[in-house]
Structures are given as structure tokens and as C-alpha cells.
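Student: So the protein sequences, as listed, match chains A and B. Here the first sequence stands for residues 1 to 455, where the numbers follow this note's numbering. Here the second sequence stands for residues 1 to 154, where the numbers follow this note's numbering.
Each hint should be verified, as a subset may be incorrect.
Cβ-Cβ distance ranges computed for the label pairs, FRET-style [to be verified]:
no., chain 1, residue 1, chain 2, residue 2, range
1, B, Pro14, A, Lys91, 57 to 63 Å
2, B, Gly49, A, Ile393, 45 to 51 Å
3, A, Thr153, B, Leu147, 42 to 48 Å
4, A, Thr292, B, Pro14, 37 to 43 Å
With the C-beta cut set under 10 Å, the calculated list includes, among others, these residues of chain B facing chain A [unchecked claim]:
no., residue
5, Trp45
6, Ser50
7, Ala116
8, Gln139
Among chain B residues calculated to face chain A with C-beta under 8 Å, some are [stated by the list, open to error]:
no., residue
9, Arg10
10, Ser18
11, Ile27
12, Glu29
13, Glu31
14, Arg43
15, Ile129
16, Val131
17, Lys135
18, Arg136
Derived by calculation from the structure, the hints in this document are not laboratory data. Computed from a predicted model, the values in this text were never measured in an experiment. Think of the CB as a built atom: it goes at the ideal place given N, C-alpha and C, for glycine as much as any other residue.
In case you want the letters, here they are:
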Amino acid sequence: MYRTDDEMLAVVYSRADAGRRRTRGRAVGAATAMTAVLVAVVLVVSTRSRDARVIATTPTATTSPEASTSSTSAPPPTTTSTVTSTVPRTKSLFEAPPVPITWKTIRPDGTMSRSTVSGIAAGPNGFVAVGRGVNGSGAQSRVWFSPDGEHWTEPDEALFAPLGYPIGYPFAIAATSERYLLTAIGPNPGLDGLGDTSVFESLDGQSWHRLANPPNTVGILAAGDRFYAPNPYGMLTSTDGQQWLPTNVTDREVTRMYGEPGRYFAQGFTRPNDEAVGRPVLQQSFDGITFTPVAGETLYGSKVFTPSGVVATEAKPCFGHNVDGPWVLRDDCGPDHGYFRYDEQEDRWNKLAQIEPGPGFPFEFMLAYAHQLVRIAEGTDARLRVWTSTNAIDWTPAGVDVEMGTNRNPAMSGLPGYAVGPLGIVAVVEVTLSPGRDEGPHTMVVVGRHQSNPD
Amino acid sequence: VERDFDEFFRASYPVARSVALRIVGSIPEAEDVAADAFAKALRRWSTVGSLPYREAWVLRVTTNGAIDVVRRSQRRRSLPVAENSSPETETRLALVSALAQLPRRQQEAVVLRHFADLTPPEVAASLGISVNTVKRHLQRGLAALRLQLDEEDL
Chain A
1 MYRTDDEMLA VVYSRADAGR RRTRGRAVGA ATAMTAVLVA VVLVVSTRSR
51 DARVIATTPT ATTSPEASTS STSAPPPTTT STVTSTVPRT KSLFEAPPVP
101 ITWKTIRPDG TMSRSTVSGI AAGPNGFVAV GRGVNGSGAQ SRVWFSPDGE
151 HWTEPDEALF APLGYPIGYP FAIAATSERY LLTAIGPNPG LDGLGDTSVF
201 ESLDGQSWHR LANPPNTVGI LAAGDRFYAP NPYGMLTSTD GQQWLPTNVT
251 DREVTRMYGE PGRYFAQGFT RPNDEAVGRP VLQQSFDGIT FTPVAGETLY
301 GSKVFTPSGV VATEAKPCFG HNVDGPWVLR DDCGPDHGYF RYDEQEDRWN
351 KLAQIEPGPG FPFEFMLAYA HQLVRIAEGT DARLRVWTST NAIDWTPAGV
401 DVEMGTNRNP AMSGLPGYAV GPLGIVAVVE VTLSPGRDEG PHTMVVVGRH
451 QSNPD
Chain B
1 VERDFDEFFR ASYPVARSVA LRIVGSIPEA EDVAADAFAK ALRRWSTVGS
51 LPYREAWVLR VTTNGAIDVV RRSQRRRSLP VAENSSPETE TRLALVSALA
101 QLPRRQQEAV VLRHFADLTP PEVAASLGIS VNTVKRHLQR GLAALRLQLD
151 EEDL
């Protein structure tokens, strides 16, 4: 038999009082009935606190590359740190030597630090991030702009505020070298999520206008010089945000796009014959409209374009997806993480190096910048680290080590987005430290910029 | 402050209790875990109360608290599972044990989607991430669970 909400509310106030050693009058009324419960709760809370401290200060015993770098010297996440990373040039995938990258870990000014960032893109004029934050009495959707990844402003709060929480859920943002597009989902998205979408365009990342005829989409993606608007039934593409053409992707749900002008990869799922278990699929296109499946081993991780070919990271296909029902998984999952290079002639992926399996499945992505590969990963020890490499085999720690919170800490943490462009790399990090170490969750930004012009 | 918190509690507590119940399998323990989560929220209400994802926050606290309860229970019994436990209990304990091994984001996405029965867009709104990101976390999280549980279906 459940206790009533009123009884439980009294318990909650009592426990909060016990934790803060404060006196609240309303706890008195429930004190008699809850005395035994309170004693037990105080003991439990005390035990949990001790457990949390022990875990927070005990190094993780692991042989994974993620743990091979020092974590004890990490900068406090509320301060700014700067390091410079260089990589050796051996068996490089790049035609030019790598340019050293200077890394900064900063806590952005303004509202961004205290908001939830859901996406970021690098465009012609700088970086644009989208998300939700609190303003006055309510939360609302937000858009931030930065010319360098370090200094962030809100260009047009009034335009987006009416779309914000609680009526909408977060924006998606994408950019080409010419413009930015973002999507906002309103209060009535419908079962397929297509019922209430707005699309906004900007040429400079600061002045926005709503498109009169937005594509039928649940989000926005970009690859090379093209935007892509995926939906449960197919995918549209456009170079200018105005004219949208259907691609031949009709039975797949695309979740990521990778590309450069003249070469595009669409990564998503397919469900042939309406089978319950979706299959991950990777398709490629040379015109951005007609896609054909990439044969051989389909990789689900990041795709990076290098002068020596397309390089991918992560595992064999093992994920299942059912749009309408419960999730089911395929049988061929395995911890076979690695780095792979696409063989154009053989139409297959050749393994370059193995990623040693670590605890759990760290969230990671890989990108190319300043004639080198950059790997940014969140370990299961809740630390964000960065490595660089020219060959996807030998990886050098970049000196970036951001404490994101402990695994046992239930508050927000993660990697909501990253962007790379001529102006640099920006990775957004959600940080929540243990109670007492900080006032709560906040956003940090890791910025990487080459020290000199790589071209 | 109290009025705001009380409204939040009455709206969110049944969900949190339900999530906890599906993990710990016992009403008293579920109530205890959920109450503990709300007490933590109340102690930090000046911060938590203004979060756009405050319900998700308390659900995540509940989830972690429930997992801790199961872990402690397993340690006490020197298990993996007790000899007299039912198949359902064994499955739940195995699932919770595997769930606890996931990175936080995956854990949160799986719990909110499959324990709290939120739709992917609702999970996205709760976590402040895109629907596609939610799906990726679910894919990875369920893949990891499948590997650990080695069962036909979740």
C-alpha cells in the first residue's frame, strides 16, 4: 500500500531538514509518525555521503587509453586553462605536417554557462549554439553566437523566446560555409514529430528570420555544402535553405551526415520489410541527392575526410531500432572498437588500429583539423579528454582533461555537441560536480585553435 | 518556495516512485528512494527549482538512488542473486546491475525511455538534448545492456 502524497511530502521536508540541519515548522507535525523513518534516513544519507566521497577520490583501475592520462592534475572546471598539443608526423594521413593546436577550457560568460546546450555548429561567421535556459520566471529556448568559441552572446532573444520551454523542445542547428539553419519544434509535434516545426535562417549567425516554407523535418543536418532535413519517411536536401529536393533516402532514418562538397555520407537506420529490428546503414553519395549503401562492414562512429581517404571510428554494427515499439537489439554486437579507413576500390573498411575496450561505452567522436585527427571522448570515469593523431594509430594526449562529475552523481553531464570549422574546434561539455564543490550543473566549452594558419 | 516545491512534488512524485519501484521492486524501498531524491531537490531548490529539466533531475536522482539500493542489497546477500529469488527478481537485478555500468547519459536515456515510459521527444526535452542524440544514447545503452545480459529480449 502506498503512503499518501501528503505523508511523503512531510517525509521529504523532514529529510531535507535533516540534511541541512535546518528547522522547518512543517516537519514537526509528521515527526511522531516518522521518527523511526528519520533515524534510518539519517543513517542512510550519512552512509551514502561517505560512499560518494570514497568513490570520488579513488582512481579508476583500468588499462584503457582513456585512463592512461593523468586525472589528478586536471584544471578545476570553473577556471580557464590553456595547453598546446602537437603530434608526431609518422605515416600521416595528411599531406601537410600538423599544426600545433592551442586548447582552452573555459566557462562561457552570460547565460550559456547556466543553460542546457543541445547543439552547436560552425558556419561562415563563427559558432552558433542552441539550447534552453532560464530567464526570469521561466525557461526558454536560446541561441548563442560566438566568433571564436570563447565569447558568447545572444543575438536575438526575443525572436526565439516564444518557441521555448515548456512548449517546445530543443533546437537543432547546422551550418555550411554560407549560412546557418536551425529548427525549433513547437508544442504540437504530433506522433511523427513533424506537426509543428519552424526553421530559421541566418547568414551571419546573429540575425535570423523564419523560413516561410520550411522543409518537412524533425531536425536539421549539414554535410559539406548541403543541408539535410530528415524525417521518418525520407530526407530532403538543399544548398540554400529555400529550394529543397528529395533524396532517394526514403526508408531510412538518418541521424548523422558527414561530408565535403562532392562526397557525402548518410548514417542512420533501415527496416527492410518492416522488420522489427532496424539495421544501421551507411550510404554515400557524390551529388548529395542519390545515395547508395556502403558495402562491407558498416561503421556507426564518426567519419572524417582526410587526403588519404575517409577514416571512421567505433564499432561493428550492433544496434537495433524499432520506431514504433520497444527497442530490440541485434545479435552481432561486440566490443570491437577501432579506427578504420575506407577502401574505395574494394568498397570495404580496413582496420587501422584497435581501441582497447574500456569500462562501458565511452561517448566519443573524431574530427579532422589543422592536418591531424582529433579525438574527443567522455570516459566512464566522467572526464573529457582529447587526443590528436596524424595516422589514427598513434594518439597523443592533448592535455585537455575536464572533470565532468562522478558516475554516481545523478545530475547532468555529457557532450551535447561539437563543431569544427576554419575558426577552430568547439566542444560543449556539461559539468556537474559533487554537492559542495559547485553550485550546480553548468556548461563548459573546450576550444581548440591552430597556432598558425594550417594552409 | 514551498508552494512551488509542493506543486512540483505532487506532479512528479508518482512518476519518481514508479521509476524507483521498477528498479527496487518493493513499495517501501521505492517510496524511500523517491523521497530521498525529492529531499535532495528541496535542499538545492534555489538551483534545481529553476532548472528547465528539474523533473528529469529528480528522476535521475531517484534512479541512481534505486540502483544504489539494489547494489547494497546484492552485496549483503553475497549475490549475484539470492537463491530464493524469483526469475523476475533475478532479471530485474541483472538488468539494474548492467544498467549501472552504463555511462550516465545512456543510463538516463534508457531509464527515462523504458522505466519512466517517456517518448523519445519527451526524453529529449527532459535531458535537453536532441531526439537524434537520445536515440543514439538508447542504441548504445541497449546494445551494452544486451551484451551484459546476453538475453533474447530486454
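Student: Quick one, is the glutamine 139 (chain B) hint okay against chain A at 10 Å, beta carbons?
Tutor: At 4 Å from the nearest chain A Cβ, glutamine 139 (chain B) passes the 10 Å test, so the hint holds.
Student: Please verify that hint: isoleucine 27 (chain B), Cβ, nearest Cβ of chain A, below 8 Å or not.
Tutor: Where the cut-off is 8 Å and the nearest Cβ of chain A is about 6 Å from isoleucine 27 (chain B), the hint holds.
Student: Hint validation: tryptophan 45 (chain B) versus chain A, beta carbon distance must be below 10 Å. Holds or violated?
Tutor: 8 Å, holds
Student: Note whether the CB distance of threonine 292 (chain A) and proline 14 (chain B) lies within 37 to 43 Å or breaks it.
Tutor: The hint (37 to 43 Å, Cβ to Cβ) is violated, given that threonine 292 (chain A) and proline 14 (chain B) are roughly 50 Å apart.
Student: Does the nearest C-beta of chain A fall within a distance shorter than 8 Å of the C-beta of arginine 136 (chain B)?
Tutor: 6 Å, holds
Student: Can arginine 43 (chain B) be said to touch chain A, with a Cβ gap under 8 Å?
Tutor: Check passed: Cβ of arginine 43 (chain B) comes within 5 Å of chain A, closer than 8 Å.
Student: Assuming the hint says 42 to 48 Å, is it satisfied by the Cβ distance from threonine 153 (chain A) to leucine 147 (chain B) or not?
Tutor: 45 Å, holds
Student: Does 45 to 51 Å hold as the CB distance between glycine 49 (chain B) and isoleucine 393 (chain A), or does it fail?
Tutor: Since the Cβ atoms of glycine 49 (chain B) and isoleucine 393 (chain A) sit about 50 Å apart, the hinted range of 45 to 51 Å holds.
Student: Close enough to count: is the Cβ of valine 131 (chain B) nearer than 8 Å to one in chain A?
Tutor: Holds, because the Cβ-Cβ distance from valine 131 (chain B) to chain A comes to roughly 6 Å (cut-off 8 Å).
Student: Does lysine 135 (chain B) meet its interface restraint, that is, does its C-beta lie within less than 8 Å of any C-beta in chain A?
Tutor: With a minimum Cβ separation of about 6 Å from chain A (threshold 8 Å), the hint on lysine 135 (chain B) holds.
Student: Glutamate 31 (chain B) was flagged as interface toward chain A. Is the shortest Cβ-Cβ separation under 8 Å?
Tutor: Holds, because the Cβ-Cβ distance from glutamate 31 (chain B) to chain A comes to roughly 6 Å (cut-off 8 Å).
Student: Classify the hint on isoleucine 129 (chain B) as holds or violated, based on whether any CB of chain A lies nearer than 8 Å to its CB.
Tutor: With Cβ-Cβ at 5 Å, under 8 Å, it holds.
Hint compliance for this structure: hints 4, 7, 10, 12 are broken, all remaining hints hold.
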